[in-house]
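For chain H, the structure is supplied; the task is to place chain V on it using the hints.
2 protein chains.
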Amino acid sequence: MKNRMTRIALARRPQGAPVAEDFAFDHMDLPDPAPGEVLVEVSHLSLDPYMRGRMNDVKSYAPSVGIGETMTGEGVGRVVATNDPRFSVGDLVVGVTGWATHACLSGSALRKLDDSLPPSTALGVLGMPGFTAWASLNAYGRPKAGQTLVVAAATGPVGSMVGQLAKAAGMRTVAIAGGAEKCRIATETFGFDAAIDHRAFDTASALHTAIAEAAPDGIDIYFENVAGMVLEAVIPLLNTFARIPVIGTIAWYNELEDSADRLPMLWRSVLVKRLSINGFIVYDHWDKFDTFLAEVGPKVAAGEIAYLEDVVQGIDKMPAAFAALLEGGNTGKLVVEL
Amino acid sequence: MKNRMTRIALARRPQGAPVAEDFAFDHMDLPDPAPGEVLVEVSHLSLDPYMRGRMNDVKSYAPSVGIGETMTGEGVGRVVATNDPRFSVGDLVVGVTGWATHACLSGSALRKLDDSLPPSTALGVLGMPGFTAWASLNAYGRPKAGQTLVVAAATGPVGSMVGQLAKAAGMRTVAIAGGAEKCRIATETFGFDAAIDHRAFDTASALHTAIAEAAPDGIDIYFENVAGMVLEAVIPLLNTFARIPVIGTIAWYNELEDSADRLPMLWRSVLVKRLSINGFIVYDHWDKFDTFLAEVGPKVAAGEIAYLEDVVQGIDKMPAAFAALLEGGNTGKLVVEL
Numbered sequence: 001m002k003n004r005m006t007r008i009a010l011a012r013r014p015q016g017a018p019v020a021e022d023f024a025f026d027h028m029d030l031p032d033p034a035p036g037e038v039l040v041e042v043s044h045l046s047l048d049p050y051m052r053g054r055m056n057d058v059k060s061y062a063p064s065v066g067i068g069e070t071m072t073g074e075g076v077g078r079v080v081a082t083n084d085p086r087f088s089v090g091d092l093v094v095g096v097t098g099w100a101t102h103a104c105l106s107g108s109a110l111r112k113l114d115d116s117l118p119p120s121t122a123l124g125v126l127g128m129p130g131f132t133a134w135a136s137l138n139a140y141g142r143p144k145a146g147q148t149l150v151v152a153a154a155t156g157p158v159g160s161m162v163g164q165l166a167k168a169a170g171m172r173t174v175a176i177a178g179g180a181e182k183c184r185i186a187t188e189t190f191g192f193d194a195a196i197d198h199r200a201f202d203t204a205s206a207l208h209t210a211i212a213e214a215a216p217d218g219i220d221i222y223f224e225n226v227a228g229m230v231l232e233a234v235i236p237l238l239n240t241f242a243r244i245p246v247i248g249t250i251a252w253y254n255e256l257e258d259s260a261d262r263l264p265m266l267w268r269s270v271l272v273k274r275l276s277i278n279g280f281i282v283y284d285h286w287d288k289f290d291t292f293l294a295e296v297g298p299k300v301a302a303g304e305i306a307y308l309e310d311v312v313q314g315i316d317k318m319p320a321a322f323a324a325l326l327e328g329g330n331t332g333k334l335v336v337e338l
Numbered sequence: 001m002k003n004r005m006t007r008i009a010l011a012r013r014p015q016g017a018p019v020a021e022d023f024a025f026d027h028m029d030l031p032d033p034a035p036g037e038v039l040v041e042v043s044h045l046s047l048d049p050y051m052r053g054r055m056n057d058v059k060s061y062a063p064s065v066g067i068g069e070t071m072t073g074e075g076v077g078r079v080v081a082t083n084d085p086r087f088s089v090g091d092l093v094v095g096v097t098g099w100a101t102h103a104c105l106s107g108s109a110l111r112k113l114d115d116s117l118p119p120s121t122a123l124g125v126l127g128m129p130g131f132t133a134w135a136s137l138n139a140y141g142r143p144k145a146g147q148t149l150v151v152a153a154a155t156g157p158v159g160s161m162v163g164q165l166a167k168a169a170g171m172r173t174v175a176i177a178g179g180a181e182k183c184r185i186a187t188e189t190f191g192f193d194a195a196i197d198h199r200a201f202d203t204a205s206a207l208h209t210a211i212a213e214a215a216p217d218g219i220d221i222y223f224e225n226v227a228g229m230v231l232e233a234v235i236p237l238l239n240t241f242a243r244i245p246v247i248g249t250i251a252w253y254n255e256l257e258d259s260a261d262r263l264p265m266l267w268r269s270v271l272v273k274r275l276s277i278n279g280f281i282v283y284d285h286w287d288k289f290d291t292f293l294a295e296v297g298p299k300v301a302a303g304e305i306a307y308l309e310d311v312v313q314g315i316d317k318m319p320a321a322f323a324a325l326l327e328g329g330n331t332g333k334l335v336v337e338l
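Just so you know, the protein sequences line up as chains H and V, in that order.
Under full-length UniProt numbering, the very last position in the first sequence is 338; numbers go up by exactly one each time.
Under full-length UniProt numbering, the very last position in the second sequence is 338; numbers go up by exactly one each time.
The set of hints was computed from the structure by calculation and includes no laboratory data.
Cβ atoms here follow ideal geometry from the backbone N, Cα and C, with glycine treated the same way.
Please note that the accuracy of each hint is not assured.
[To be verified] List time: in silico DSSO-like cross-link candidates among lysine-lysine, alpha-carbon distance up to 27 Å:
#1 LYS273(V) with LYS144(H)
#2 LYS288(H) with LYS144(H)
#3 LYS299(H) with LYS144(V)
#4 LYS167(V) with LYS273(H)
#5 LYS273(H) with LYS288(V)
#6 LYS144(V) with LYS167(V)
#7 LYS112(V) with LYS288(H)
#8 LYS112(V) with LYS2(V)
#9 LYS317(H) with LYS2(V)
#10 LYS144(H) with LYS299(V)
#11 LYS299(V) with LYS112(H)
#12 LYS144(V) with LYS273(H)
#13 LYS2(H) with LYS317(V)
#14 LYS288(H) with LYS299(H)
#15 LYS273(V) with LYS288(H)
#16 LYS273(V) with LYS273(H)
#17 LYS288(V) with LYS167(H)
#18 LYS144(H) with LYS288(V)
#19 LYS144(H) with LYS167(H)
#20 LYS299(V) with LYS288(V)
#21 LYS112(H) with LYS288(V)
#22 LYS112(H) with LYS2(H)
#23 LYS299(V) with LYS167(H)
#24 LYS288(V) with LYS144(V)
#25 LYS299(H) with LYS167(V)
#26 LYS167(V) with LYS288(H)
#27 LYS144(V) with LYS288(H)
#28 LYS273(V) with LYS167(H)
[Stated by the list, open to error] Which residues of chain V face chain H? A few of them, derived with a C-beta cut under 7 Å, are:
#29 PRO18
#30 GLY178
#31 PHE289
#32 LEU334
This is chain H alone, in the form it adopts within the complex:
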């Protein structure tokens, strides 16, 4: 049996939640590493929510797993044979092994680990989930001391890292988690200031009330990894200049889109396409007005930038002209000449 391996392939595309029949176990001889390749005996495999998306045959940010192909995922293991001189038998490594007991991978696709921490940490707190939390919070969350962060799935590897990083930055941190035990872990193990059990609430408005109590100064960062009812509950509590990094929409993974509600469709696009959406009110930016005038004024004077005015005569015409403006009835900038 030493020269045999097992892998789990995608047998068919799941309808909704995955079931046993969607997967197939294959047994086969161990491959020999080609030049530049390394054979790894896997000791730990990762399971992460993003894998559900890969089981669908839809265009996304990463290719789907094909029918009959090994399910994708990261694993940690020891090198048992190597054809890449940078690795030795016995090295501890992490890489995209797939759901399998062994994997033959290019040495360039593997990262060596030292033995100072448990190997499984390379799949979680110091692997892709922990890095996701750190990188997205820094890039798009922008933690500020004294502000409030809300994160769901707060005892998971991403949410727990987000909460601890935000807390270390001086924020008030509010956890959303499923069940009393997870809420206890959120506050006791991960140091959240408050934890809310979303299972205790049937509606977004009831959940909203609970979050409002836990976040009395409103929400400055909503770290989005679930969507669904939590998102709906959170939106009215967002403060001015709130940030929403969107790293997952797991509540909508197994759902078909509701055609009457365009929010899931937008939200999925935000994630998959890495959209950047920013509300803009000109009053926040007046400090740049002189720069604007210096740059654009000469171009208008020189006729390089065209403009068009729709001039209405007389202050008595203002109400009607305004109503027409809202209906798109004018062409160019609407100005009333007195």
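Below, chain V without anything else, positioned relative to chain H:
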């Protein structure tokens, strides 16, 4: 009549589109400027879509106009009396005069204009609308040569500036406008590469098809100043890393929110609260992984960052463990030990 003025006050809050009865014309004696104040005789008044929002009694980014108060808005005029030594009679100035023939304002609230350009340009191309276009496009649109921009209300003062700035930056520019004449102006006067008459389409999907033809490489910047059907048509055409500055949702100004569709509610929040929403996929950020490990690794080793693992034994348990993960059944990072 020389010492009398006229102003237009908000008589009542409009239901939907504003009508004449929502406004009241008042006639009164001219005020005398107090110390630091300047009396301006208005020659041009601005009408802008944002004013509709100010007529509602709802919390927004700027206070509502009170019943009986002068409608808000910018105006240009000449100083006719001054109690601020920085101004002289005859100076041309711009400021928030309100809908009125005269306004008495603090000198600090006025900006002097020179006479090199028509005074009305201070209300449009070189005023708040032009500045809105320039500042929001630079801050959140981030034009890139060779990419595609779509903007609605494209012959208006914001849309036409956006189109010209994007074109000058080397972008393909697509105008959405209402009617054949506006489409002609968009391409001939403002240099858009293509113009689409949204009035020619009854549904978002028909409009979508037309935009797809005009933007064959997809959309990299959707400059949002209308929302409604245009937004719905545009979403599926957005490219990866597309940017959406949201500066107006005029199509939804006069509408009540549809409770089955949460997108208008979110979109209004994006604008009013200046939300920043960013999709995040970890694969775009791997270049920072070493920084993450260097920063967070020692904290995990020192026990300063807690982590929790949920360990399942045996590869045969993977399908069931994965299904449970999607239902939130695990606590902490889910790892399968082989």
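So, going through the hints one by one against the coordinates:
no.	hint	verdict
1	LYS273(V) with LYS144(H)	holds (17 Å)
2	LYS288(H) with LYS144(H)	holds (24 Å)
3	LYS299(H) with LYS144(V)	holds (20 Å)
4	LYS167(V) with LYS273(H)	holds (24 Å)
5	LYS273(H) with LYS288(V)	holds (20 Å)
6	LYS144(V) with LYS167(V)	holds (10 Å)
7	LYS112(V) with LYS288(H)	holds (17 Å)
8	LYS112(V) with LYS2(V)	holds (24 Å)
9	LYS317(H) with LYS2(V)	holds (21 Å)
10	LYS144(H) with LYS299(V)	holds (20 Å)
11	LYS299(V) with LYS112(H)	holds (20 Å)
12	LYS144(V) with LYS273(H)	holds (17 Å)
13	LYS2(H) with LYS317(V)	holds (21 Å)
14	LYS288(H) with LYS299(H)	holds (17 Å)
15	LYS273(V) with LYS288(H)	holds (20 Å)
16	LYS273(V) with LYS273(H)	holds (23 Å)
17	LYS288(V) with LYS167(H)	holds (22 Å)
18	LYS144(H) with LYS288(V)	holds (21 Å)
19	LYS144(H) with LYS167(H)	holds (10 Å)
20	LYS299(V) with LYS288(V)	holds (17 Å)
21	LYS112(H) with LYS288(V)	holds (17 Å)
22	LYS112(H) with LYS2(H)	holds (24 Å)
23	LYS299(V) with LYS167(H)	holds (14 Å)
24	LYS288(V) with LYS144(V)	holds (24 Å)
25	LYS299(H) with LYS167(V)	holds (14 Å)
26	LYS167(V) with LYS288(H)	holds (22 Å)
27	LYS144(V) with LYS288(H)	holds (21 Å)
28	LYS273(V) with LYS167(H)	holds (24 Å)
29	PRO18	holds (5 Å)
30	GLY178	holds (5 Å)
31	PHE289	holds (6 Å)
32	LEU334	holds (4 Å)
Checked against the numbered hints listed earlier, the structure breaks none of them; every hint is satisfied.
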